[in-house]
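Participant: These protein sequence lines map, in sequence, to chains A and B. So in our numbering, the last spot in the first sequence is 644, and the numbers never skip. So in our numbering, the last spot in the second sequence is 264, and the numbers never skip.
Keep in mind the hints are simulated off the structure, nothing from the lab. Certain hints may be false.
[As the list claims (entries may be wrong)] Coverage of chain B stretches by chain A, computed from C-beta distances (three or more under 8 angstroms per stretch; other residues unrestricted):
(1) 163-176
(2) 200-206
(3) 230-237
[What the hints assert, rightly or not] With a straight-line Cα cutoff of 25 angstroms, these simulated BS3-like cross-link-like pairs (lysine-lysine) come out:
(4) A:K501 x B:K126
(5) B:K14 x B:K81
(6) A:K486 x B:K14
(7) A:K486 x A:K384
As the structure is a prediction and not an experimental result, all values here were calculated from the model. Don't be surprised by glycine CBs; every beta carbon is placed ideally from N, CA and C.
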Amino acid sequence: MTPSVFFQLIFNGIAIGLVYVFMASGFNLILSVTGIFFITFGMFYALGAYSTWWLTVQAGLPYFGSVAISTVATAAGGVFLYLVVMRKIRTGEQAMLRVLIASIMLVTLLTQVVLHLFGTSPRGITPIFKGHWKIAGVVIGLDRVAVILISVAILLILHFFLSRTRIGRGMRTVAFNPDVAALLGVNSEKVFITTIAVGLGLVGFAGGLMAPILGIDITMGSAGFMVLLVIILGGVGSMIGSIMSGILLGIVLAFSQFYVSAGVGQIIFFAVVGIFFFFRPGGLFGSPPPDPIDGVGSLTGSRIKSLPGRKTVIVPLAILVLAIILPQVVHNSYYMHLMILVVIFAVTGMTFTFGMRSGMINVAAAAFWGIGAYATGLLMVKGGLTFWQALPLAVIISFVLALILGGVICRFAGMSGMMFGIVFSSIVPVAFGTFELFGKQSGLTGIPGIENLGFLHFGSKASYYYLVLAFAIIGMIIMLAFTKAWTGRSWLGLGSSQKLAESVGIDPFGYRVINFAIMSVIPALLGTAYACYLGAIQPVTFGPFIGINFQIVAFVGGLGYLVAGPIVGALFMTFLPELLRVAGSYEPIITACIIILVIMFMPSGIIGSQDARLMAAWRWVSKPLRRAGTPVPVPVDREGAK
Amino acid sequence: MTLILETKALTKRFGGLVAVNSLDLQVEQGEILGLIGPNGAGKSTVFGLISGFLPVTSGTVVFDGHDITNHHPYKIARAGIARAFQQSLTFRGMTVLDNVLVGFHKSHDASLTASVFRTKGARSEEKELVAKAIEILEFLGIAHLANDRPENLPHGHQKALGVAIALASEPKVLLLDEPATGMNPSESDMMISHIHQVRKRGVTVVVVEHDMRVVRSVCDRLVCMNFGEKLCEGDPDYVTSHPEVCEAYLGKGAADVA
Numbered sequence: 003m004t005p006s007v008f009f010q011l012i013f014n015g016i017a018i019g020l021v022y023v024f025m026a027s028g029f030n031l032i033l034s035v036t037g038i039f040f041i042t043f044g045m046f047y048a049l050g051a052y053s054t055w056w057l058t059v060q061a062g063l064p065y066f067g068s069v070a071i072s073t074v075a076t077a078a079g080g081v082f083l084y085l086v087v088m089r090k091i092r093t094g095e096q097a098m099l100r101v102l103i104a105s106i107m108l109v110t111l112l113t114q115v116v117l118h119l120f121g122t123s124p125r126g127i128t129p130i131f132k133g134h135w136k137i138a139g140v141v142i143g144l145d146r147v148a149v150i151l152i153s154v155a156i157l158l159i160l161h162f163f164l165s166r167t168r169i170g171r172g173m174r175t176v177a178f179n180p181d182v183a184a185l186l187g188v189n190s191e192k193v194f195i196t197t198i199a200v201g202l203g204l205v206g207f208a209g210g211l212m213a214p215i216l217g218i219d220i221t222m223g224s225a226g227f228m229v230l231l232v233i234i235l236g237g238v239g240s241m242i243g244s245i246m247s248g249i250l251l252g253i254v255l256a257f258s259q260f261y262v263s264a265g266v267g268q269i270i271f272f273a274v275v276g277i278f279f280f281f282r283p284g285g286l287f288g289s290p291p292p293d294p295i296d297g298v299g300s301l302t303g304s305r306i307k308s309l310p311g312r313k314t315v316i317v318p319l320a321i322l323v324l325a326i327i328l329p330q331v332v333h334n335s336y337y338m339h340l341m342i343l344v345v346i347f348a349v350t351g352m353t354f355t356f357g358m359r360s361g362m363i364n365v366a367a368a369a370f371w372g373i374g375a376y377a378t379g380l381l382m383v384k385g386g387l388t389f390w391q392a393l394p395l396a397v398i399i400s401f402v403l404a405l406i407l408g409g410v411i412c413r414f415a416g417m418s419g420m421m422f423g424i425v426f427s428s429i430v431p432v433a434f435g436t437f438e439l440f441g442k443q444s445g446l447t448g449i450p451g452i453e454n455l456g457f458l459h460f461g462s463k464a465s466y467y468y469l470v471l472a473f474a475i476i477g478m479i480i481m482l483a484f485t486k487a488w489t490g491r492s493w494l495g496l497g498s499s500q501k502l503a504e505s506v507g508i509d510p511f512g513y514r515v516i517n518f519a520i521m522s523v524i525p526a527l528l529g530t531a532y533a534c535y536l537g538a539i540q541p542v543t544f545g546p547f548i549g550i551n552f553q554i555v556a557f558v559g560g561l562g563y564l565v566a567g568p569i570v571g572a573l574f575m576t577f578l579p580e581l582l583r584v585a586g587s588y589e590p591i592i593t594a595c596i597i598i599l600v601i602m603f604m605p606s607g608i609i610g611s612q613d614a615r616l617m618a619a620w621r622w623v624s625k626p627l628r629r630a631g632t633p634v635p636v637p638v639d640r641e642g643a644k
Numbered sequence: 007m008t009l010i011l012e013t014k015a016l017t018k019r020f021g022g023l024v025a026v027n028s029l030d031l032q033v034e035q036g037e038i039l040g041l042i043g044p045n046g047a048g049k050s051t052v053f054g055l056i057s058g059f060l061p062v063t064s065g066t067v068v069f070d071g072h073d074i075t076n077h078h079p080y081k082i083a084r085a086g087i088a089r090a091f092q093q094s095l096t097f098r099g100m101t102v103l104d105n106v107l108v109g110f111h112k113s114h115d116a117s118l119t120a121s122v123f124r125t126k127g128a129r130s131e132e133k134e135l136v137a138k139a140i141e142i143l144e145f146l147g148i149a150h151l152a153n154d155r156p157e158n159l160p161h162g163h164q165k166a167l168g169v170a171i172a173l174a175s176e177p178k179v180l181l182l183d184e185p186a187t188g189m190n191p192s193e194s195d196m197m198i199s200h201i202h203q204v205r206k207r208g209v210t211v212v213v214v215e216h217d218m219r220v221v222r223s224v225c226d227r228l229v230c231m232n233f234g235e236k237l238c239e240g241d242p243d244y245v246t247s248h249p250e251v252c253e254a255y256l257g258k259g260a261a262d263v264a
């Protein structure tokens, strides 16, 4: 590497890194002041870029005017979403999870809106600053110099705003301690709205600013996931941390893009942050954030029970019989496909509830589903193995990966752990799409079907349905067995209060790693069958926006119900889009809106909100069926007499 | 007389603030030791340091002859130090009975495999634990609430449940952080009798408490702290009438008036 190439890459890296600096600063500001995990900010970056394009190219406004208007528009859009959606769900039951799901659904929603408004093709804006200087072989583009100077100016203004103005100080007070801020007379609502406006304005501004250099397309929204790494590295709430690690990411990307590819750069940065994070949870500059995730496992109002007695096998048995009979009745091949998806969604949704009980918000299920599928596909296509030989190997590979990733995430199960999991779920498809081994973007094709095994013949949709169902039942039994064992109770304790659980001798790290490994290997098991079922797999099938469906499945059904919740949720999530077919291309928008509404207005899910009625109905139905159950031994009330 | 728990020159600094300064504390096997002192004296910090939730700046904690300084909280709990928290911490979302069963964590003899496959041994162990849990709940007078949720219980019962969870871990030493705070006199009477009975089970108790009536009626010995240092120690009558203690609580000159 010549020095000129080196400096050229550093220069380019700083310019690219500024995008991440702006996005990280905006997100970090919102997260630390309002506590809202507004991952939708990636889309605001895209919105800023698209609206700048529209204003300059279509409406013919001058570039800087367009950027200014776009910035204001994105800020206003963010405030609108805050007022309509986030304000309602940011406190109360399962606030953390509901905000996460809602904000990812908003990404889906905004993506569709952008596609409808601005079309699918990539756009570009002619740079305003043309020409370049050449210093000692390094090409210094004027446009990039302008971007750097403007960014420095904006960051200085932001710093001044936060430290000197009244509202800026109010924001920092709220970030420090919202209750104290309220006692001091800080109007937190006003502060929140300002924070959202400033944070998302910054992000939108970055979109407009970088549009002439980087171009515009819809995948910009996913840049949000890499920004999470910047925040993990820089520390939640640290402005200087965001700046330093954003620029570092830009430089890493510039170098890897030059020598290998951008995908490899993302993977390297992910691995480096993972290793770093393992040893220093607080990031480079911040102190470890307070843990808003502690207590996610305590599901008030649900019926978690680990006691003997009061068991009923009738409902699960009826569902099982129904699931087995179904292919004999339904012959429509499309509906069989949907049923396979329902089974996969139900059991993967269950892994989410399973993990949540130990206080983890698992976001990596789709990634492990993909790992299982790709491992099987590779072993069969390139290794020449049969499915039954590939199956155990694929499960072992997934299990080992789950232990490694679990080791990093569970070391600090909390906000940073969750963010790291989200990044992992977006990095895995990137890895599939980057390396030749995985067939890049076109994926693996020509995966052979499953060989017959004794009297088991594979080929029809129904046969795959039965295999997936069998794997799902195995997964379910594993999860239920561990839930009923004393591990289940220790997980529940951890999820409810880590501090108290530790004080009775429960090792949070060890227990969570076991939990993580189990809940990750089950989607991988389903992935093995899925690869053979489809015959061809692509990276997009296993992306983070698919993964969010598993969480929605668990949430929509009701988090308090380990088995029934995800089944109801999976049926809902699979058949809702089918029912909305009539809406044509507006279907994804309507689906996303309905899910957001469910999240806003049904905090305990469909079953949870109907719990009393369902229980009454069940008691009425089951009266003649019920066995003489063994009630929980409650001793006679001796104190109560007085 | 054998020492079960001892701190040697235990020190904790939060930035520039010295919360605990070179504290030597001896706890004898089987006693009920009271730790008193005005707000901010560092009593709860001492509990945090002993149980491993706060990192020790310098000094050592010796439990049962072993150095446990800066060990992970779960290891200290397994060694035999349990803690009931000030803010009546319970496992929300689980029943009262399950709360206590979580506390039995370290007394499972059945292996994980046995428990997962629900072997006969594991099931009978489970039954035994439920019986033991109910026994502890009865002992603390909240057995009739076994199927309720802790978040629905009145304050006094939540505190009792906190003690029940700690007892379930079968500790040698129990650290009680303000067990009677916010209780009415009849509730605190109950707590007093509970603490006496806990000792009868062979558990050494260290209690931090502001309610002097409770302190006088349960403690064998008192240690008074102020500004992170030990002010004096001895039997309750001696300590509570000590002029420096009055001064620490009421200010200079108050001792003369009293």
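Participant: When the hints from earlier in the document are held up against this structure, which numbers fail?
Facilitator: Hints 2, 3, 4, 6 and 7 are the ones this structure does not satisfy, whereas the remaining hints hold.
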